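A.B. asks: Residues per chain are reported as follows:
There are 2 protein chains.
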Amino acid sequence: MQMSGVRAVVYGVGAMNSIIAGMLIDKGVEIVGAIARSPQKVGQDLGDVIGFGRQLGVTVSDDAAAVFAQTRPDVAVIAVNSYLTDAVEQLRICAEHGVNAVTLSEEMLYPWETSPELAAELDALAKSTGATLTGTGFQDTFWVNIVALLMGTAHRIDTVCGKASWNVDDFGPELATAQQVGRAVAEFEEWVRGAQRPPTFGRNVLDALVADTGLTVSSISTTTRPDIAFAAMRSEALGIDLAPGDVVGFTDIDRIETAEGPAFVFEMSGRVYGTGEGDINEWTIEGEPNLFLSNGTVPTQTTTCTQLVNRIPDVIAAPPGIVTVDKLPRLRYRTRF
Amino acid sequence: MQMSGVRAVVYGVGAMNSIIAGMLIDKGVEIVGAIARSPQKVGQDLGDVIGFGRQLGVTVSDDAAAVFAQTRPDVAVIAVNSYLTDAVEQLRICAEHGVNAVTLSEEMLYPWETSPELAAELDALAKSTGATLTGTGFQDTFWVNIVALLMGTAHRIDTVCGKASWNVDDFGPELATAQQVGRAVAEFEEWVRGAQRPPTFGRNVLDALVADTGLTVSSISTTTRPDIAFAAMRSEALGIDLAPGDVVGFTDIDRIETAEGPAFVFEMSGRVYGTGEGDINEWTIEGEPNLFLSNGTVPTQTTTCTQLVNRIPDVIAAPPGIVTVDKLPRLRYRTRF
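Heads up: the sequence lines are chains A and B, in that order.
FYI, UniProt numbering numbers position 261 of the first sequence as 261, with every residue one higher than the one before it.
FYI, UniProt numbering numbers position 111 of the second sequence as 111, with every residue one higher than the one before it.
With the rest of the complex left out, here is chain A (with noise of 0.2 Å):
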């Protein structure tokens, strides 16, 4: 297979970067490296541990440094176990060996507003080795370039307000069990009230859009409310069986006023689905004119591993420190890189 010429490392081997490598492989993207904590996946071939069908000749080690110093590949895919373990750790580990990386970490879709000290750390660290670090994912296009692009086709913007959906089912039992499912309403409204949780997603998308726009934010607020079972439902990524009147996930209510006046709200739930159910991605812009955009049932997963492996050309292009998807050329369709 003709290669493209770029080199990878995949930083954490499970479910998505599995598919990832995948379609890495695919774009003629030369795998030379893939890191892992499990001592089930270290020392074994990277084929094997993700199961392509076949070896790919490299060996999943645990020791990135060791990795990043013999490989020096021109970026690292970050997708460590799930979207609620923040990348900081390894998003460092890339940063002081100059090596450019992409990842799903949430929060780096925009850190600039809920984690301004740490995002100056790692920026400083990247731009001081040459590396360009981008949080990437589904929300790139889906919730923050085409909804910057469909903004950008208005007059005057009033509020902007965004729906999605995504299936807790679909990522693995640790997300299902933080996004509450199973719980009774009670518990539910009792975990709320003392949750110390982190910025919710839609925060960091709402940041980039507000950012974009070069708005002045003037009051921020998060409300929570519990999805409920109206029927009896399995939670296939916990293996149990739902009441109904259980949760089967949240909805966090995002909302951004500027001082000029437009107003940014984002509605996500992530729940377990019925029957028929499926992603949505919904923005309704009021202003001059009235604007809206529906991706139908969109393919979450998929997509969050395609824009992720998408976007290696635009992030060993850019120029080093922490680069934002805002801030990255529009996304492009490449059949090779």
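Among the hints, erroneous ones may be present.
[Stated by the list, open to error] Output of the computed footprint for chain A on chain B, the stretches with three or more beta carbons under 8 Å from beta carbons of chain A: (1) 38-51; (2) 146-153; (3) 282-290; (4) 298-311; (5) 327-335.
If you are wondering where the hints come from, they were derived from the structure by calculation, not from laboratory data.
Note that the structure is a prediction, hence the values are computed from the model and not measured.
Positions of the beta carbon are idealized from the N, C-alpha and C atoms, including for glycine.
For this one, chain A is given, so just place chain B on it according to the hints.
C.D. replies: Frame of chain A, contents of chain B only:
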């Protein structure tokens, strides 16, 4: 009102630039000149001609060269007569005077394939004087950049298929006549056989999408079918009643096949609408994964104007020559320029 520092000349003072002029003023753009041919408009104040509600202190002139020499604008906003009038003469004058220009000319969206010699001439002229020439309008986001962005979320594309419609009655009598409104089907079919039509709007759209992927065109075709009235209707643009069976417009189906496999199809219907019909913009990508986009009922005319206006900062910042919208930065919402 605070001025943005952008100084613009409106080139053409018809329906579209009457809307656009108001938007420019809202964004803080200073309108420093206006050019039109009609003796009813020349010599009048622009505000009076466009029905702005007050005078603007800008006298409409028919001498483009003099206007440009006297005002040295940052950009000329070309919207002449209708979609069907190409703006070659106007673009040439802008290029000769080193004036950046944005135009609603359909072919200028992506002229390299359908008018390569003319595009090369204008490009060279603009480069010699430092002017940027860009064709924008409705197609910019809705038929090119939002589609290309969605394509960027795919791992593998088999087909890209768009369906769009616009209401002939929104764009005046010239376009309605050209769109064959009121003809009998037999007349339409005779016209189609004999018509020396310019390239379809859709052809330039597909050219831009294919170019964005770097794929190799292997075949190009356009077929045209009449759209027929199923009930009594009225064309407001022509001021005529239409009987069942009359032609109310037509649908062009453009198709480009590529050597690498992906096919691109665009069905664009320009017709007089029946009750309850609205403009649609729907794109389906088949591949891995399947992807979908709809903009619901899309405000074509308004977003034609908004996008031309919102492109102005990008065009001013772009390098000289013809710069097509697929090469410009992602369109952004700005409260002021």
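A.B. asks: All hints, please: hold or fail.
C.D. replies: Against the structure, the hints:
| no. | hint | verdict |
| --- | --- | --- |
| 1 | 38-51 | violated (count 0) |
| 2 | 146-153 | holds (count 7) |
| 3 | 282-290 | holds (count 3) |
| 4 | 298-311 | holds (count 9) |
| 5 | 327-335 | holds (count 7) |
Violated hint: 1 only; the structure is consistent with all others.
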